[in-house]
Amino acid sequence: MAELTLLEAVNLALARALEDDPDVVLIGQDIGVNGGVFRATGGLLARFGEQRVRDTPLAETVIAASAVGMAVQGMKPVAEIQFAGFMYSCFDQLINHAGRLRTRTRGRLSCPMVLRTPVGGGIHAPEHHSESPEGWLSHIPGIKVVTPASPASAYGLLLAAIRDPDPVVFLEPTRLYRLLKEPVEDDGVALPLGRAFVRREGTDISLIGWGAALVEVGQAAQTLAEQGVSAEVIDVASLRPLDSETILASVKKTGRCLIVHEAPRLYGAGAEIAAQIASEALMSLVAPVGRLAGYDTVMPLARLEDDYLPSAARIVDAALGLMAYR
Amino acid sequence: MKTAAQFSVPYFQFLDARGELAEPPPGLALNALIPVYRTMAFTRAFDARAVALQRTGQLRTFPSSLGEEAATVGLASVMRAEDVLLPTYRETGAFLWRGVTPVEIFLYWAGDERGSCVAGPREDFPISVPIASHCGHATGVAAAFQHRKQARVAVCVLGDGATSKGDFYEAVNLAGIWRLPTVFVVINNGWAISVPAARQTACATFAQKAIAGGIPGVQADGNDVVAVRHVVGQAIERARSGDGPTVVELLSYRLTDHTTADDARRYRSAEEVSAAWAEEPLVRLRKLLAREGLWAKADEEALIADNQARLEAAVAEYLATPPQPLTSIVDYLYAELPAELVAQRAELAAREGGHHG
Ligand SMILES: Cc1ncc(C[n+]2csc(CCOP(=O)(O)OP(=O)(O)O)c2C)c(N)n1
Numbered sequence: 001m002a003e004l005t006l007l008e009a010v011n012l013a014l015a016r017a018l019e020d021d022p023d024v025v026l027i028g029q030d031i032g033v034n035g036g037v038f039r040a041t042g043g044l045l046a047r048f049g050e051q052r053v054r055d056t057p058l059a060e061t062v063i064a065a066s067a068v069g070m071a072v073q074g075m076k077p078v079a080e081i082q083f084a085g086f087m088y089s090c091f092d093q094l095i096n097h098a099g100r101l102r103t104r105t106r107g108r109l110s111c112p113m114v115l116r117t118p119v120g121g122g123i124h125a126p127e128h129h130s131e132s133p134e135g136w137l138s139h140i141p142g143i144k145v146v147t148p149a150s151p152a153s154a155y156g157l158l159l160a161a162i163r164d165p166d167p168v169v170f171l172e173p174t175r176l177y178r179l180l181k182e183p184v185e186d187d188g189v190a191l192p193l194g195r196a197f198v199r200r201e202g203t204d205i206s207l208i209g210w211g212a213a214l215v216e217v218g219q220a221a222q223t224l225a226e227q228g229v230s231a232e233v234i235d236v237a238s239l240r241p242l243d244s245e246t247i248l249a250s251v252k253k254t255g256r257c258l259i260v261h262e263a264p265r266l267y268g269a270g271a272e273i274a275a276q277i278a279s280e281a282l283m284s285l286v287a288p289v290g291r292l293a294g295y296d297t298v299m300p301l302a303r304l305e306d307d308y309l310p311s312a313a314r315i316v317d318a319a320l321g322l323m324a325y326r
Numbered sequence: 001m002k003t004a005a006q007f008s009v010p011y012f013q014f015l016d017a018r019g020e021l022a023e024p025p026p027g028l029a030l031n032a033l034i035p036v037y038r039t040m041a042f043t044r045a046f047d048a049r050a051v052a053l054q055r056t057g058q059l060r061t062f063p064s065s066l067g068e069e070a071a072t073v074g075l076a077s078v079m080r081a082e083d084v085l086l087p088t089y090r091e092t093g094a095f096l097w098r099g100v101t102p103v104e105i106f107l108y109w110a111g112d113e114r115g116s117c118v119a120g121p122r123e124d125f126p127i128s129v130p131i132a133s134h135c136g137h138a139t140g141v142a143a144a145f146q147h148r149k150q151a152r153v154a155v156c157v158l159g160d161g162a163t164s165k166g167d168f169y170e171a172v173n174l175a176g177i178w179r180l181p182t183v184f185v186v187i188n189n190g191w192a193i194s195v196p197a198a199r200q201t202a203c204a205t206f207a208q209k210a211i212a213g214g215i216p217g218v219q220a221d222g223n224d225v226v227a228v229r230h231v232v233g234q235a236i237e238r239a240r241s242g243d244g245p246t247v248v249e250l251l252s253y254r255l256t257d258h259t260t261a262d263d264a265r266r267y268r269s270a271e272e273v274s275a276a277w278a279e280e281p282l283v284r285l286r287k288l289l290a291r292e293g294l295w296a297k298a299d300e301e302a303l304i305a306d307n308q309a310r311l312e313a314a315v316a317e318y319l320a321t322p323p324q325p326l327t328s329i330v331d332y333l334y335a336e337l338p339a340e341l342v343a344q345r346a347e348l349a350a351r352e353g354g355h356h357g
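Chain order of the listed sequences is S and W. Under the UniProt record's numbering, the first sequence has 3 at position 3, and the numbering climbs by one with no breaks. Under the UniProt record's numbering, the second sequence has 146 at position 146, and the numbering climbs by one with no breaks.
Calculated directly from the structure, the hints in this document are not laboratory data. Some hints could be false.
Label-pair distances were calculated between CB atoms; the ranges are [to be verified]: (1) W:61 to S:183: 56 to 66 Å; (2) S:88 to W:122: 31 to 41 Å; (3) W:352 to S:203: 36 to 46 Å; (4) W:204 to S:19: 43 to 53 Å; (5) S:178 to W:342: 31 to 41 Å; (6) W:312 to S:19: 56 to 66 Å.
Sample of chain W residues lacking proximity to chain S, with all beta carbon distances greater than 12 Å (derived) [what the hints assert, rightly or not]: (7) 7; (8) 54; (9) 61; (10) 190; (11) 201; (12) 272; (13) 274; (14) 306; (15) 347.
Ideal Cβ positions, reconstructed from N, Cα and C, are used throughout, including at glycine.
Could you build all of it, start to finish, from the sequences and the hints given here?
Shown next, in the form of structure tokens:
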């Protein structure tokens, strides 16, 4: 089994989807000869041709809107937006069309599209290249929001997204693209959407996160273990639908939880998870629900970026703070 | 100085406001205009009935298409059933021609989603309310046709105001680059709510907005159904044969308020409106048909009676349609009900039980 980066796993899943289903088409800026700015579509033009891997002009609105049109016709468009900071003009399409076509036509039309985009900070990119829009996206009825945290889950979840009968926004953590390798089998097997993954079992506190934040969460769990604290790590993976069951089961078991994400805290996805824990697992809690998030500011440029992101040390501190409750 | 590029926008009119037909387009079959006239007349009757229903609290906000019947029915009448219409909210005439039922249209404007689940043209798009946001759907639909090598065309209808949005330009541009089988039909009815066409653009025509996308733009008298059918028909056949997209501008006039929630007297003069009445599309077509011996007074009387009977039957059926179950608000959101909606569905079902039980 090949050891792949997350980026290579994305490429592999795209190739597999193109191979398996003639209705799968990739569209986006620079995705052809250039293979995408991160090379997620590298080699696919040569292999599948111009009709399947289509470079678009520099126009995010019509990329998203065309994906809607193709999807309504029963094709499987996978659109790439170069960076999450440039996807805001797609929100109109996601909110006003993709997310509601099925319901407003009472099932006559549907929109099985995928919108892929790199998200999150930590690669010292220029301004507007490090955004974490998962909270805004997850608030949209009718779409699904998925973010993988490892190469193998990127492969399985992307295949699931492409095969899903509804619109899926697939958020690829930029920082993870080349950070780590993992064996990935090209078996064409999709992972379920709407399912959280227990990345590490523990009994004292649940650390809940998604995407790139799980790197620091994992490091923190290791440090905590060395200090005698057994942390369970939950990879939410799918923010909408949300696997409340797995999250609540973990918190009921451990009695403590810390939710970690890069996006600003105010009205962030962590707030929803915290609210569900407060209403469904209150009696199991021995400490308040903790949240460690990005600051409620714009993402700073490269020099202050690392101070903005939740670090392993800050996660450990916050977790130990919660451990003080008995 | 050399000229780097030069363009022109052709204008078509065959049937003038007096109902005179000057040098008709090749292949014009006057007989074919009879069903077109009938649907135009029904559209106008439907429109009046819908406004009356709104005034008596039996329908919600309704956008009248009074005066635009030649444009909407005309463009639909040159589409094939398997082409896809991507409409906005003022194309009642096109819906009716393509087989959407009056009951479905009433239901939609009454606030019932089943009005968008039409039994008729199943692949047509539902009404797009966010202005111009459907232009890119047309490029996507057309790309799907192209991908599957189907000889089908995506016909996107929009208003003059909609051409001010970037969405329109992005779609025209992409359609040009990919040579997509798309026709963008801009119905220029003179106004976008209270903003006149001259404040929407500094261009002499809306058709010329095609030129920046590298595709042809043509203009026609949108109250002349012969011209509408000619220019839209040519654009559709051009698209179908693989020659790519066209922007068609149809010059018409919105003879009434923007919607039933609007009062157009606040922003335009009575003189302007009465001058526009002299140009309206229905009378000129009737005059032509009558002159050609294809339409008599008795035909008109029979049509009026027939239209009224159809409409009253439709109104009765619409008013008798039972409400949707409350659970339908979650039932169609996703193909499969996600966990977070299971409890909400149960709550809705319980509330519904309470309602009727
Ligand atoms: C994006 C957006 N902005 C504003 C509105 C509110 N609005 C509804 S209709 C309309 C005018 C549209 O004018 P035009 O495109 O010329 O079409 P017409 O109503 O004349 O048929 C406006 C501003 C809207 N529906 N969508």
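Hint check results:
1. W:61 to S:183: 56 to 66 Å: holds (59 Å)
2. S:88 to W:122: 31 to 41 Å: holds (33 Å)
3. W:352 to S:203: 36 to 46 Å: holds (43 Å)
4. W:204 to S:19: 43 to 53 Å: Holds, since residue 204 of chain W and residue 19 of chain S (Cβ atoms, about 51 Å apart) stay within the stated range.
5. S:178 to W:342: 31 to 41 Å: This hint holds: roughly 39 Å between Cβ atoms.
6. W:312 to S:19: 56 to 66 Å: holds (58 Å)
7. 7: It holds; residue 7 of chain W is separated from chain S by about 21 Å at its closest Cβ, greater than 12 Å.
8. 54: The claim stands: residue 54 of chain W keeps its Cβ more than 12 Å from every Cβ of chain S (closest is about 21 Å).
9. 61: About 16 Å separates residue 61 of chain W from the closest Cβ of chain S, which puts it past 12 Å; holds.
10. 190: For residue 190 of chain W, whose nearest Cβ neighbour in chain S is about 26 Å away, the distance exceeds 12 Å, so it holds.
11. 201: holds (19 Å)
12. 272: Given that every Cβ of chain S is farther than 12 Å from that of residue 272 of chain W, nearest at about 33 Å, it holds.
13. 274: holds (38 Å)
14. 306: holds (29 Å)
15. 347: Residue 347 of chain W is indeed farther than 12 Å from all Cβ atoms of chain S, at 15 Å.
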